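Here the structure of chain A is known, so what remains is to put chain B with the ligand in place on it, guided by the hints.
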Amino acid sequence: MTQRLGITPSQTVGPFFAYALTPRGRYALSDLVSNNLVTDDAVGQRIRIEGRILDGDGEPVTDAMLEIWQADGEGRYPGSEPTLGNTRFRGFGRTECDADGRFVFETVKPGPVPGPEGTMQAPHLNVGIFARGILRRLFTRIYFGDEAANAGDPILALVPADRRGTLIARPVDAGRYALDIRLQGQDETVFFEA
Amino acid sequence: MTYPLESLTAHPPNLYPGYRSTVKRAPSRPLVIIPQTLSELTGPVFGHDSLREHDNDLTRQHAGEPLGERIIVSGRVLDENGRPVPNTLVEIWQANAAGRYIHVNDQHPAPLDPNFTGAGRCLTDAEGRYAFTTIKPGSYPWRNHPNAWRPAHIHFSLFGPSFLTRLVTQMYFPGDPLLPYDPMWNSVPDERARLRMMSSFDLETTVPEWALGYRFDIVLRGRDATPMEDPHHD
Ligand SMILES: [Fe+2]
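Respectively, the protein sequence lines represent chains A and B. Per the numbering used here, the first sequence runs over residues 1 to 194. Per the numbering used here, the second sequence runs over residues 1 to 234.
Note that these hints are calculated values from the structure, not bench results. It is possible that some hints are incorrect.
[Claimed, not checked] Over the 10 Å line for every Cβ pair with chain B, so calculated as not near, a few chain A residues:
(1) Gly25
(2) Val38
(3) Thr39
(4) Ala42
(5) Arg46
(6) Arg48
(7) Glu50
(8) Gly73
(9) Arg102
(10) Val104
(11) Lys109
(12) Ala151
(13) Ala161
(14) Ala174
(15) Arg176
[Unchecked claim] Now the in silico label distances, taken between C-beta atoms and shown as ranges:
(16) B/Pro109 <-> A/Met120: 51 to 59 Å
(17) B/Pro189 <-> A/Pro116: 27 to 35 Å
(18) A/Ala149 <-> B/Pro30: 24 to 32 Å
(19) A/Pro116 <-> B/Leu15: 29 to 37 Å
(20) A/Ala149 <-> B/Pro114: 52 to 60 Å
(21) B/Pro30 <-> A/Asp31: 34 to 42 Å
(22) B/Gly175 <-> A/Gly175: 54 to 62 Å
(23) B/Leu212 <-> A/Ala28: 21 to 29 Å
(24) A/Gly118 <-> B/Asn144: 45 to 53 Å
(25) A/Gln45 <-> B/Ser50: 24 to 32 Å
(26) B/Pro35 <-> A/Ala28: 38 to 46 Å
(27) B/Gly47 <-> A/Pro116: 27 to 35 Å
[As the list claims (entries may be wrong)] Far from chain B, some chain A residues (derived; all Cβ distances over 10 Å):
(28) Asn36
(29) Val43
(30) Gln45
(31) Gly51
(32) Glu74
(33) Asp98
(34) Glu106
(35) Gly145
(36) Asp146
(37) Asn150
(38) Ile168
(39) Pro171
(40) Asp173
Owing to the predicted nature of the structure, the values given are computational and were not obtained by experimental measurement. From the three backbone atoms N, C-alpha and C, an ideal C-beta is built for every residue, glycine too.
If we strip away everything but chain A, and leave its shape as in the complex, we get:
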């Protein structure tokens, strides 16, 4: 057995990441990624998902960064699915929260994707949260409240029933969903390790 190297430890993103990671035209660097994942060739229903990030006191987290990674409307992850090689849909979005702790993503609704042992996973976004006071990325998912497939999702099945709701975005109106993320305390969002 060869000796494995140890990984480099995580550190907080701190409060001053915006000019490098989410410049939005305010600083010198161009935007590599944004909160809009929609490309003209992206397959799937156009949706908008929004919410707030709240701390253990219920106060908005005004300096957090969110990243999402998702499949397209047919459940295809860019990079792993050869048939997606020619589209511009990148499946990856990044945004910072505003002064109210609010985030918004414009994207397409993902399709179901394969799960462990031949199961299928309900449509979901994979979410990473970074902020001052967060020493390593928090990992959660966002599911969609209007999906019957949630009932058979193998990952939701691992979450205690009374906490599953923290992962499921509420349909607001056509193509709009809302979900608040609570880092700590009452109705604390479920965070994963994998």
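Leaving out everything else, chain B with the ligand in the frame of chain A:
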């Protein structure tokens, strides 16, 4: 082949009260361990079209040269098996030589440098190598505890091949007297792991009459090593 969970013991805990901001932001419930599915084992890919010339030279992004000690930070991005991580995005950001960030929220009364933004990015090459030209960042005060100062550091953001290899970390400089007082540095429980966040001075990448070289290799999570064939000791 999956990414072993044991590797994650190198990371700081979510709650580290010495770093005050963790107290209200760390989850209080245990993390739910889930299997590694296609969702976790895939990740975003960035191409050269994403980058501009000089994105990795922070001293050439303005009309003039920034003040400070010019340095070249280079190294390799590897996985736990020692294999290079090629074509992966590396993003950095840092304070200027006076310890001031250009970010609007930075209130430290140290001067901004009109010739320094402090943000850079590049893709690793086929051998996992990256390099940035920049200036050595200054230390700066923060309000975590009385007379708190951050050791000089450069923030690093890396992707690697999957959602699970994503890493945000900080690179420190050897011999910094502020390190033992720094809650971020100390939040990493294992001392050997902590030292992996420290760069080393490197005469080989130091350019004569021009810039000091610092080496910083970064190790991302790697999948279980390929099982060895039945070993025959003959
Ligand atoms: Fe910093």
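Hints, verified against the model:
| no. | hint | result |
| --- | --- | --- |
| 1 | Gly25 | 13 Å, holds |
| 2 | Val38 | 16 Å, holds |
| 3 | Thr39 | 14 Å, holds |
| 4 | Ala42 | 14 Å, holds |
| 5 | Arg46 | 20 Å, holds |
| 6 | Arg48 | 21 Å, holds |
| 7 | Glu50 | 21 Å, holds |
| 8 | Gly73 | 15 Å, holds |
| 9 | Arg102 | 17 Å, holds |
| 10 | Val104 | 19 Å, holds |
| 11 | Lys109 | 15 Å, holds |
| 12 | Ala151 | 17 Å, holds |
| 13 | Ala161 | 13 Å, holds |
| 14 | Ala174 | 26 Å, holds |
| 15 | Arg176 | 23 Å, holds |
| 16 | B/Pro109 <-> A/Met120: 51 to 59 Å | 57 Å, holds |
| 17 | B/Pro189 <-> A/Pro116: 27 to 35 Å | 31 Å, holds |
| 18 | A/Ala149 <-> B/Pro30: 24 to 32 Å | 26 Å, holds |
| 19 | A/Pro116 <-> B/Leu15: 29 to 37 Å | 30 Å, holds |
| 20 | A/Ala149 <-> B/Pro114: 52 to 60 Å | 54 Å, holds |
| 21 | B/Pro30 <-> A/Asp31: 34 to 42 Å | 36 Å, holds |
| 22 | B/Gly175 <-> A/Gly175: 54 to 62 Å | 56 Å, holds |
| 23 | B/Leu212 <-> A/Ala28: 21 to 29 Å | 24 Å, holds |
| 24 | A/Gly118 <-> B/Asn144: 45 to 53 Å | 49 Å, holds |
| 25 | A/Gln45 <-> B/Ser50: 24 to 32 Å | 27 Å, holds |
| 26 | B/Pro35 <-> A/Ala28: 38 to 46 Å | 42 Å, holds |
| 27 | B/Gly47 <-> A/Pro116: 27 to 35 Å | 31 Å, holds |
| 28 | Asn36 | 15 Å, holds |
| 29 | Val43 | 17 Å, holds |
| 30 | Gln45 | 19 Å, holds |
| 31 | Gly51 | 16 Å, holds |
| 32 | Glu74 | 13 Å, holds |
| 33 | Asp98 | 13 Å, holds |
| 34 | Glu106 | 17 Å, holds |
| 35 | Gly145 | 19 Å, holds |
| 36 | Asp146 | 20 Å, holds |
| 37 | Asn150 | 15 Å, holds |
| 38 | Ile168 | 15 Å, holds |
| 39 | Pro171 | 22 Å, holds |
| 40 | Asp173 | 27 Å, holds |
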